[in-house]
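K.L.:
In order, the protein sequences belong to chains A and B.
Residues 1 to 157 in my numbering are what the first sequence spells out, letter by letter.
Residues 158 to 314 in my numbering are what the second sequence spells out, letter by letter.
Read the hints as simulated data drawn from the structure, not as lab findings.
Worth double-checking, as some hints may not be accurate.
What the hints assert, rightly or not - Computed cross-link-like contacts, DSSO-like style, restricted to lysine-lysine with a CA-CA straight-line distance of at most 30 Å:
#1 A:K23 / B:K243
#2 B:K235 / B:K190
#3 A:K2 / B:K159
#4 B:K258 / A:K58
#5 B:K307 / A:K52
#6 B:K195 / A:K82
#7 A:K82 / B:K235
#8 B:K282 / B:K313
#9 A:K44 / B:K235
#10 A:K48 / B:K159
#11 B:K195 / A:K48
#12 B:K303 / A:K48
#13 B:K243 / A:K2
#14 A:K71 / A:K23
#15 A:K52 / B:K303
#16 B:K195 / B:K282
#17 A:K71 / B:K258
#18 B:K195 / A:K37
#19 A:K52 / B:K195
#20 A:K48 / B:K259
#21 B:K258 / A:K82
#22 B:K258 / A:K52
#23 A:K2 / B:K195
#24 B:K235 / A:K48
#25 A:K48 / B:K282
#26 B:K159 / A:K82
#27 B:K313 / A:K52
#28 B:K259 / A:K82
#29 A:K48 / B:K258
#30 A:K44 / B:K313
#31 A:K52 / B:K312
#32 A:K58 / B:K282
#33 B:K313 / B:K195
#34 B:K159 / A:K52
#35 B:K313 / A:K82
#36 B:K282 / A:K82
#37 A:K71 / B:K159
#38 B:K243 / A:K52
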Amino acid sequence: MKLFYHCYGGAHTSVTCASIHLKYLPDDRIPEMYEFKAIPFYDKMENKELGKPVFMGKDDMGWDIYVVGMKDGKNVVIPAIKSYLNFNGISRPEILFVGALVQLHPVTAMGGIISRRLGLPGIGGPMTIWGIRRSYPHFVELVSRVKKTILTGNDFY
Amino acid sequence: MKVIYCGYRGTYGAFLFAAFHLGFYKENSIPEKRQIEKHFEICRLYGEQYGNLIYVGVDEELREVYILGCKRYFSVVKKAQMHINKMFHLDDTIYHVDVRKKEGILPRIIGFLLAHRINRVICRKLFSYWIVRKYPCVSNATKTVKERLKTMDMKKR
């Protein structure tokens with residue numbers, strides 16, 4: 001079973017959700033700046049790598065957790081992946097897509113653009129963390145909902 | 158091997174390429190009015206199916222030919238499908254062909270007009286104009302694609 005957290009660039013919010021899911025980040029408090037910086041792949045995804053799922057780890061239920069950047073094309077990319085798998089005889093319940101762009105703080109979005117598109121991670125990176133810390137409870141809630149309903153196989157567009 | 162022709166919409170340029178590839182359309186003779194109208198009906202009915210892989214047929218070398226509408230996310234879709242292929246250990250090569258430049262802007266305009274239910278007769282006339290205009294260039298481009306595929310097969314053997 002594979003679970004994909006997806007967002008625009010696959011560098012910040014999806015990585016945060018995957019990290020909460022895999023317990024790299026705590027779910028009972030808001031993590032410090034250095035804890036974000038210690039996450040593998042945080043603020044690392046290059047633009048040319050968009051679409052490539054990155055393996056983050058295996059959770060305690062045995063699911064493989066991935067992050068993937070899809071720009072704003074989730075309505076095209078997700079059906080393209082699913083229909084491709086369908087043609088290859090792989091059934092729908094084996095994969096689950098979760099949209100990680102919940103309650104995105106505008107500062108996170110700006111930080112993401114500055115860091116990944118303008119190539120200034122020194123300025124954009126801390127901005128994304130600042131924004132994510134503000135909306136951190138929403139990410140925790142999303143992940144707990146995903147964990148609760150993981151067996152139903154519903155998608156979280 | 159799977160050959161996937163990707164256009165902005167899945168049915169205009171992508172289907173034209175696939176039709177040449179599979180020999181539905183002949184190189185030197187522009188299709189009859191009836192055939193153009195059938196192609197137009199396919200575009201009208203399935204033009205908005207973004208991200209859904211549509212199977213068209215098998216060519217003489219037993220390659221499966223598909224069409225896909227991927228808006229402006231060709232590179233993301235391509236990367237996603239390639240990596241999913243590896244991730245699920247699917248022993249099949251995929252070859253993506255981006256037809257968006259060759260098909261031009263007219264299919265997007267026709268699709269927009271059809272989606273907004275603007276006079277179908279005008280759309281059909283525009284479509285006929287487009288297909289006649291694009292016919293020679295798409296015919297040549299498909300030949301190049303087939304040659305490239307042959308070279309790839311030779312190298313593999």
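K.L.:
Could you run down the list of hints and mark each one as holding or not?
P.N.:
Evaluated hints:
{"no.": "1", "hint": "A:K23 / B:K243", "verdict": "holds, 27 Å"}
{"no.": "2", "hint": "B:K235 / B:K190", "verdict": "violated, 34 Å"}
{"no.": "3", "hint": "A:K2 / B:K159", "verdict": "holds, 24 Å"}
{"no.": "4", "hint": "B:K258 / A:K58", "verdict": "violated, 41 Å"}
{"no.": "5", "hint": "B:K307 / A:K52", "verdict": "holds, 28 Å"}
{"no.": "6", "hint": "B:K195 / A:K82", "verdict": "holds, 28 Å"}
{"no.": "7", "hint": "A:K82 / B:K235", "verdict": "holds, 13 Å"}
{"no.": "8", "hint": "B:K282 / B:K313", "verdict": "violated, 45 Å"}
{"no.": "9", "hint": "A:K44 / B:K235", "verdict": "holds, 21 Å"}
{"no.": "10", "hint": "A:K48 / B:K159", "verdict": "holds, 23 Å"}
{"no.": "11", "hint": "B:K195 / A:K48", "verdict": "violated, 38 Å"}
{"no.": "12", "hint": "B:K303 / A:K48", "verdict": "holds, 27 Å"}
{"no.": "13", "hint": "B:K243 / A:K2", "verdict": "holds, 14 Å"}
{"no.": "14", "hint": "A:K71 / A:K23", "verdict": "holds, 26 Å"}
{"no.": "15", "hint": "A:K52 / B:K303", "verdict": "holds, 27 Å"}
{"no.": "16", "hint": "B:K195 / B:K282", "verdict": "holds, 13 Å"}
{"no.": "17", "hint": "A:K71 / B:K258", "verdict": "holds, 21 Å"}
{"no.": "18", "hint": "B:K195 / A:K37", "verdict": "violated, 57 Å"}
{"no.": "19", "hint": "A:K52 / B:K195", "verdict": "violated, 37 Å"}
{"no.": "20", "hint": "A:K48 / B:K259", "verdict": "holds, 23 Å"}
{"no.": "21", "hint": "B:K258 / A:K82", "verdict": "holds, 26 Å"}
{"no.": "22", "hint": "B:K258 / A:K52", "verdict": "holds, 24 Å"}
{"no.": "23", "hint": "A:K2 / B:K195", "verdict": "violated, 41 Å"}
{"no.": "24", "hint": "B:K235 / A:K48", "verdict": "holds, 12 Å"}
{"no.": "25", "hint": "A:K48 / B:K282", "verdict": "violated, 39 Å"}
{"no.": "26", "hint": "B:K159 / A:K82", "verdict": "holds, 16 Å"}
{"no.": "27", "hint": "B:K313 / A:K52", "verdict": "holds, 25 Å"}
{"no.": "28", "hint": "B:K259 / A:K82", "verdict": "holds, 27 Å"}
{"no.": "29", "hint": "A:K48 / B:K258", "verdict": "holds, 20 Å"}
{"no.": "30", "hint": "A:K44 / B:K313", "verdict": "violated, 35 Å"}
{"no.": "31", "hint": "A:K52 / B:K312", "verdict": "holds, 27 Å"}
{"no.": "32", "hint": "A:K58 / B:K282", "verdict": "violated, 55 Å"}
{"no.": "33", "hint": "B:K313 / B:K195", "verdict": "violated, 38 Å"}
{"no.": "34", "hint": "B:K159 / A:K52", "verdict": "holds, 19 Å"}
{"no.": "35", "hint": "B:K313 / A:K82", "verdict": "holds, 28 Å"}
{"no.": "36", "hint": "B:K282 / A:K82", "verdict": "violated, 35 Å"}
{"no.": "37", "hint": "A:K71 / B:K159", "verdict": "holds, 25 Å"}
{"no.": "38", "hint": "B:K243 / A:K52", "verdict": "holds, 11 Å"}
Checked against the numbered hints given earlier, this structure breaks hints 2, 4, 8, 11, 18, 19, 23, 25, 30, 32, 33, 36; the rest are met.
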